[in-house]
Amino acid sequence: MEKACLIVRQYVKHSLYDRVSTRPFLTVIEKKWITFQILCALHQCHKQRICHGDIKLENILITSWNWVLLSDFASFKPTYLPEDNPADYSYFFDTSRRRTCYIAPERFVRSSSGESIQPKDGPLVGDGQYCAGQLLPEMDIFSAGCALLELWTEGTAPFEFSQLLAYRRGEVDLVRKHLDGIENERLRQLVESMLSPDPRDRKSAELYLDQERGKLFPEYFYAFLQSYLQMFSTVPVVPPDEKVTRLHGDIGQIVQILTGGGGGGRGGGDDPPEPSDDDDDDDGLILITGVITSCIRGLSFCRSKLLALEILQALAENTTSETILDRILPYILHLAQDAAPRVRVCSLNTLTRCLRLVRQLPRSDANVFPEYILPAIAPLATDHSTFVRMTYARNIATLADTAVSFLEQSQHTCTSENVPPPHYETELSALHEMLHQTVLSLLTDAQSAVKQTLMTSGITQLCVFFGRQKANDVILSHMITFLNDKEDRHLRGAFFDCIVGVASYVGWHCAPMLLPLLQQGLTDPEEFVIAKAIHATTLLVELGLIQKQGTIEFIGECACYLAHPNLWIRHEVVELVATAARILTAIDVQCKVRPSIAPHLRLPLVELTCPELLLDCLLPPVPRNIYDAVLRFGPDIAPLIAVLRERKQARARQQTLAAEREGDRRQSPLPDGGQQAPPPGIQQLLRRLTTEGLTEQNEKQLLAMSVHLMKLHHYKLAETRHTQQPSGRIVLDHYPDVMGEVPLAGADTHLPLAKGGALPGRPAASGGAGDGTAPTGDGLGKQTGGRTTRKSESDSAQDWQHMLSAIESHTPSPSSPTGGGGDLTVAGTAVLPAPPPVAATGATVPMATIAAALPPTVHHHHHHATPTTSSLVEYSLPERTTGHQERLSDCRLEMEALVAKLRTRFATYQRQRELRESTSAGPALPAGWRLSGTLVAHLAEHKAAVARMAALKPHTGSLFASASIDGTVRLWDCNKLDGQQSVNRSRQSYHANTPLHAVAACDAGQSLAVAGKDGTLLLLKIDTNSSKMALQQARHFEADTRYTSASSSTGELGPDDGPVVEMHPLDQGAQSVIVYATLYGALVGWDIRMPDYAWRLQSDLRSGVITTFCIDPSSSWLTVGTSSGRHVCWDLRFQLPIAEIKHPHDARIRRVSHHPTESSWLVSASQGNSEVYVWNIETGHRQQAYWASASPPLSNTNASSHSVCALLPGVNDGNPFLLTGGTDQRLRYWDPVNIENCALVVPSARDYAPLNVTYE
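So in full-length UniProt numbering, spot 219 of the sequence shown is number 219, and the numbers just go up one at a time.
Bear in mind the hints are in silico, worked out from the structure with no lab data behind them.
No experiment lies behind these values; they were computed from the predicted model shown.
Just so you know, not all the hints are guaranteed correct.
Capping the alpha-carbon separation at 27 Å, the derived lysine-lysine pairs in DSS-like fashion look like this [claimed, not checked]: (1) Lys215 to Lys47; (2) Lys1013 to Lys976; (3) Lys1028 to Lys976; (4) Lys548 to Lys648; (5) Lys1021 to Lys943; (6) Lys711 to Lys700; (7) Lys592 to Lys716; (8) Lys901 to Lys976; (9) Lys47 to Lys203; (10) Lys203 to Lys177; (11) Lys3 to Lys47.
Cβ-Cβ distance ranges computed for the label pairs, FRET-style [unchecked claim]: (12) Pro516 to Ala951: 58 to 66 Å; (13) Arg297 to Ala4: 41 to 49 Å; (14) Pro375 to Gly507: 30 to 38 Å; (15) Ala951 to Glu1158: 42 to 50 Å.
Every residue, glycine too, gets a C-beta built ideally from N, C-alpha and C.
Let's have the full structure, built from the sequences with the hints guiding it.
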C-alpha cells in the first residue's frame, strides 16, 4: 500500500443501468434531462482534452434527484483491441458479464495486418498483447450513443461483441431496428448520428447540444435548470434542510419558468417544436419534484418538513395527475407518519388538496384509495394528538368524496378501453367499510373539539357518501349523543348547525326523533345554543321535515322567548313564527299560532308573515339584570315562581274587587291580608328587583317562561356543582339547607367604634328615625325601611362586604346590596358579621378570626344600590401561614411600627440618593451611543395588539412584561433576544380572559399588576420556577355603567371609579404602591399589602376624562393628561393639585412623561400632527416642541391624523434625548441639543423609498 494511489469520489448508490429498471419508471422529460446531462459531461471532458474510453450505463451514475455523474474513466485501458480475439475485450470491458459491447468500431483492428501496434508489457495485462493508441472524442460519442439507445429503448442493449463486428462490416439492420423503437424523430436522428460507423460523420457533444437547443431539449435546460441544480451538487454538499429552504423561496419562479412562463422552453428555437411531443412528456416540474422528494427522508427540522409539503402542493397544482400519484403521494404519506404532530397535520391537509387535483386517474392506480391511502392514514384517526384527529375530521368528508370520484373515473376508464370494470357496488362497499370505522372513532372521540370539527366540516358529504340508511345508523345516531355533553357549548351549537343538512338527506322518517331534540335545545344553559336550536327548527319547518302539529307545539313552547332579553333569540323566534305563518293555513295561524304569541305583542297583528313588523310590535323584553338575578336565585326557584303566581292572582282578585266596587277607588299594591307572606329571602329579592325596574308586565313574562327558567336554573346549578376547579381555589358550594351558623362576634364583644358607626356584627339603631336590620331565623337580613348608619368610604369592613358579594355573584343565593347592617349572607349557609372598622390612617383593628376566614379578593363596588350583572371569576388565595394571630403587647407593637417607619424612611432616602447619583454620576448609555434601528427579535406570541409594556428593572435586570388586548400578559428576557434565536418565546404568561390595557411592575420586580377592559385589576406573582404567573389578588370595577351610592359619612352620592385606564408603580422604598387612574377621574394609590387603598385623589371630570398620567422619578408629583387637552399636576406629598396646563387647541393628550434632565418639565404627546410638547410645570409655558408633520408647525390647519403614542426619554453623553413612536409606524430619535443627531430611526413598513426628512 505504500506505493498505491487511491482515488476517492462521492458515494452514489445507483447507476443509470439500475435506474432504468426501477419504479417509478423514467418519463420522457427525465430521459431528455439525462441525455442532456450526458452530452454536457462529454463536452466538459472533451473540452479539457480528456476522453473517457469506456462509457456504458454502469459507468453513468445517477442520484435520487436525476443528477448524472460520469465515472470510471478508462484511459488506462487499451485503445485498440483485436477483432479476432474477444478475450481482451472481455477482460477489460465486459466485467459485468452482460456481453454488451459499447466500443467504437474503429477501436477493433486485425492483429495480422499492419494496423497492429507493437506489443508492450504493462501492469494490468501482464504478458498479454494489447494495442495502444490515443483515445479520440469520436470514440466516446459512439459509446454514449449506445448508452442513450439502451436508455430510450427501455434497457435493450444495442450490440453484443459479434453484432458490433458485423455493424463494423456494414450490417446496419439491427441498429435500424433499435432506432425504429424511438418515437421522437429528432432524438432518433441524434442517436443515429452518434452511432455512425464512420467517425467523421459523428459530431462533437457541443455541436449536438447547440443543434438541439429549443428543439429536442427545452430552453430552460440551458438557461436555468443546469446552473440552478449545479448549486446543490457542488462541494460542500448542501444539507437537505437548507436545500428545501432554498427551493421554497424559489418555487414560484421555478414553476413559472418550467411551465413556459419565463424561458421559452417549448418555442425558444428557430423551428417550432415537433408535434409528436406531448404536453405531459414535457412536464419539467417532474425534475423539481425529484429534487424535493430526494430530500424529504433526510430532513431534520420540523420547519423544513412543513416547507417541503408546501412545495409539493405547489408542484401538484401545476403538474400532471400521474406525477401526483406516482411521485408526490408516497412522500406525503411518509410525512404523515412523522413524529411531530404539526407535520402530520400539514400532511393530511396537503394530501387532501393534492388528491383533489387529480383530473385523470390512470387505470393502474384505480385502487389507490382502498389499497394504499386509507390504510396508510387510518392510524391518524386515533392519533394521540388532538390537533391531528381534528385535522383528519376536517378532511375525511373530502377524502371520501375523492375516493368515490376515483372509483367513478376507474369505471369510466375501463369502459372506454373495453376492459371489464370492477363491480361498482362491491368497490363502494369496501370504501364504506374502511371509512366506517374511522368515522365511528371520530364521532366517539374523547375530545369534543374533534366531534365538533367533524360536524362542521362536511357532515352532509359523509351522509351522501354512506347513503341514507348508514347515515341514519352511523352519523345521526351518534350526533344525538352530542347534546348530552354539557361541558362543551360549542359542540351542542354545532349539532344544531348541522342537523338540518343531515336530516334533509336522511328524510322525513327521522322527524319524530328531531322534535324532542329541538325542544331540549330550548332549555340549554347557553343562549346562543337556544338561538341555534330555534333557527334549525325554522329551516326544518321550511323544508317540510316537521309536521304541522309539531310546528305548532314547538311555537307554543318557544313563544315565551319573545320576552327574552337576548335579541338574537327574539329574532329567531320571530323568524320561526313568520315561516310557520307562510306554510300553515290561515285557520291554523289564527287559531293555533296567534294565541301563543298574542300576550307578547303590543298591538294586535293579523298578518304574521313579516318578521320585521312582528319584531317591531313586541312588548319590551325582560331586563337582563332581572333575568339573571332570577336565574341566580337560591338553590330552587320554584318558591319564587309560586310567589310570582300568587302575586298575579292577588292582583287579579283586586281588579275583580275593584270592578265590583266602582265607588271605591282605593287599591292596595300588596296582596290581601289573608295571604301568607313570602319567605324573607324572596322578599329581599323582590325588593331588589323592584328597585331595578321589575314591573307587573315583567312578572307575567317571567311566569310565561317559568318552565324553561326552572330547567335552566337546574342546569346552571348542576354545572356549578360539578365544575372541576383548579387546585388552590376555594368555592363556596350550594346546599339546599342551611348547615349551621357560626357567630364570629358575640353581643358582648367590645371593639372600637368608627365615626358614627355601630358595633361590629350588629346593626346600628337610629331610634325612631328608622329601623335597622334584624337577624332572622334563616340567616337572611331583612330591611324594613329607613337609612341605616354607614361607615366611611375607606372602611375595610366595606371591602370585606364587596369580597363576599363578589363570591356571592356565583351563587344563586340572594344578597342585599342596599342593606347597611352587619349581617351578610354567604351562599345561603352561614351569617358572617361585618368586620371592625378601620381608622382613617389605615391602621386596622386586629381581626384575627375574620382575616383568616375571608379571602383577599376585592370587588371594588362602592355601596351602589344596583348589583352588578356580571360575575367575577374565583381567584386563588395567597398563601397564609396560619389563621391565628398571637396577642402582642403594646410596647412590641409600637416597636415594630417604629422599625417599619424607620425602614421606610431609609429606603426612600436611599432610593432618592441612587436616583440623584444615577443622573449625575455619568451616563447610563455608553459614549457615542446611537440607536441603529436594527430588528433584534420578533415577538409573535400575542394574538392581538400589545397595549402596554413595563420593565421590571432595576430590580430584575433584563426582564420586561407585555400586556395585550388578547387577554394575556407575558414576561420576556432581553438576554435571550440576541437575534440568534429562530423562535423567541416568553418566560412566563398569564391569561386573564379580558382585554388588558395597563401593566405595572411592583414588589421589587416580583409581582405584576394588570388591568382589564371589564374593570378587572389583577396582581400576579412572578414565579421563577414556573412558566405561569400565579394570581395573588384581584379587584373588580364596574366597566359599563356609572353607578352611584350613598356615602357613609355624608349621605351624598359619590361616583364609582370605573375601569382602570392607566397604571404606574410608585417607588416609596419598602412600600409596594400601585397608582392607577380610572375612567371616572379617580387617582388611587393601592398598597398591595393592604385590603384597602392607601390614598385616593379625585380629578375634576369637567377637565376631561383621564387618558394618561406619569409620576416623576422622585415620587414627588404626578401629572395626568385628559381628553380635553388638560395637564393637571398633583403634589403627592400633600395630595393637592398644584398646576393646570391647557393645550392651545384642546387636543386630546395621548401620553405624558417626565423630562430626563429638568425636574419641573413635562413631556406631552397630543392628538394629531405627531406633535410632542415640553411644558414647564412651574410657569405653565411651552419650552420645546417636536413636530413630525407636513402641516405648518404649531398650527391646527390641515392637521394630520397621526399621533405619538409612546415616549421614552433618556440621557446620552450628558444631553437629553427623546424616542417617540406613533400611529404612523415610525420611530424617531430627537436630540434638542444637537439637531443633526435627530433621525428617523425605524421607518414605516409602507416606506418603500427613503423619506426626504429634514430637521430644523
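Hints, one by one, checked against the model:
Between lysine 215 and lysine 47 the CA atoms are separated by roughly 24 Å; this keeps the pair inside 27 Å, and the hint holds. Our distance criterion of 27 Å between C-alpha atoms is broken by lysine 1013 and lysine 976, whose separation comes to about 31 Å. Using a Cα cut-off of 27 Å, the hinted pair lysine 1028 and lysine 976 holds, with the two alpha carbons roughly 18 Å apart. Taken as a hint, the lysine 548 and lysine 648 pair is broken in the structure, with Cα atoms around 33 Å apart against an allowance of 27 Å.
Pair hint lysine 1021 plus lysine 943 holds up; C-alpha atoms about 23 Å apart against a cutoff of 27 Å. In summary, the hint linking lysine 711 to lysine 700 is supported, as the alpha carbons are separated by about 18 Å, within the 27 Å threshold. About 33 Å separates the Cα atoms of lysine 592 and lysine 716, which puts this hinted pair outside 27 Å; it is violated. This hinted pair does not check out: lysine 901 and lysine 976 have alpha carbons roughly 40 Å apart, beyond 27 Å.
Simply put, lysine 47 and lysine 203 have alpha-carbon atoms about 14 Å apart, close enough for the 27 Å limit, and the pair holds. Simply put, lysine 203 and lysine 177 have alpha-carbon atoms about 22 Å apart, close enough for the 27 Å limit, and the pair holds. The straight-line distance between the Cα atoms of lysine 3 and lysine 47 is roughly 31 Å, outside the 27 Å bound, and the hint therefore fails. Between proline 516 and alanine 951 the C-beta distance comes to about 60 Å, which sits within the given range of 58 to 66 Å.
Between arginine 297 and alanine 4 the beta carbon distance is about 36 Å. The supplied range of 41 to 49 Å is therefore violated. Between proline 375 and glycine 507 the beta carbons are some 33 Å apart, a value that agrees with the proposed interval 30 to 38 Å. Alanine 951 and glutamate 1158 have their C-beta atoms about 22 Å apart, which leaves the hinted 42 to 50 Å range violated.
Against the hints set out earlier in the document, violations occur for numbers 2, 4, 7, 8, 11, 13 and 15.
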